[in-house]
Amino acid sequence: RKEVEQDPGPFNVPEGATVAFNCTYSNSASQSFFWYRQDCRKEPKLLMSVYSSGNEDGRFTAQLNRASQYISLLIRDSKLSDSATYLCVVERGNTPLVFGKGTRLSVIA
Amino acid sequence: EAGVAQSPRYKIIEKRQSVAFWCNPISGHATLYWYQQILGQGPKLLIQFQNNGVVDDSQLPKDRFSAERLKGVDSTLKIQPAKLEDSAVYLCASTTSGRESDTQYFGPGTRLTVL
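Which chain is which? The protein sequence lines are A and B, in order.
If you're matching positions, the first sequence starts at -3 in this note's numbering and goes up one per residue.
If you're matching positions, the second sequence starts at 5 in this note's numbering and goes up one per residue.
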């Protein structure tokens, strides 16, 4: 089983839709979790950290479920500019960050 | 504030040739990372430096890849000799201290094509 697994998509959604991505991780010792966004042919950029209590930043909500070992990202009221690949990232403390393969989102007008 | 700088942006070489990439992290960032991102994959860490020391190079193919950060600022990554499977984007990232909570700031990457 891969350490971090994501559905590669693509998720094709209309503007204004709500879309959710899940990411599962295999190592229960994982401590820190992040979502990065990567536009086509660009570098990854931090979208948000994922806290145990869940966190929200505008239209974006991230949640962590330690019991089931997954994190999620919810995007409400999708915009065309949200089209990108969303990378799930897991860290186990004193080990390198592990990136998922990413989930591709296309928001369609 | 200037971001992470990388050069060249693109490189095309033939297999068995050598190539080198350069990275200048954000000023004051102690930790520097080199990642390899193959098309359709997430970035994979090759090597992590804290100042001029290596913290983790467990995933660096040391028979052909080498990296250095002699003065604890900029860094070079070299591949010698290159193989077809080395075709990828090589991303450099930096953080202030290397703590897991630090945001990693990535450079634009060097896109390598090995023919």
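Just so you know, the hints here were simulated from the structure itself, not pulled from any lab data.
Even glycine gets a Cβ: it sits at the ideal position worked out from N, Cα and C.
There may be inaccurate statements among the hints.
Stated by the list, open to error - Within a straight-line C-alpha distance of at most 27 Å, the following computed DSSO-like cross-link-like pairs (lysine-lysine) qualify: (1) K19/B - K66/B; (2) K15/B - K82/B; (3) K15/B - K87/B; (4) K19/B - K75/B; (5) K97/A - K38/A; (6) K15/B - K38/A; (7) K87/B - K38/A; (8) K66/B - K87/B; (9) K19/B - K41/A; (10) K97/A - K48/B; (11) K48/B - K41/A; (12) K15/B - K41/A; (13) K48/B - K75/B; (14) K(-2)/A - K41/A; (15) K82/B - K48/B; (16) K97/A - K66/B; (17) K87/B - K48/B; (18) K82/B - K97/A; (19) K19/B - K87/B; (20) K75/B - K(-2)/A; (21) K97/A - K15/B; (22) K15/B - K75/A; (23) K(-2)/A - K66/B; (24) K97/A - K75/A; (25) K48/B - K(-2)/A; (26) K75/B - K97/A; (27) K19/B - K48/B.
As the list claims (entries may be wrong) - Over 12 Å on every C-beta distance to chain B, these chain A residues come out as not near it, computed from the model: (28) Q2; (29) S24; (30) S28; (31) S45; (32) Q59; (33) L60; (34) Q65; (35) D73; (36) G98.
Which earlier hints can't be squared with this structure? Of the numbered hints given earlier, those the structure breaks are 4, 9, 20, 22, 26, 28, 30, 31 and 36, listed in rising order.
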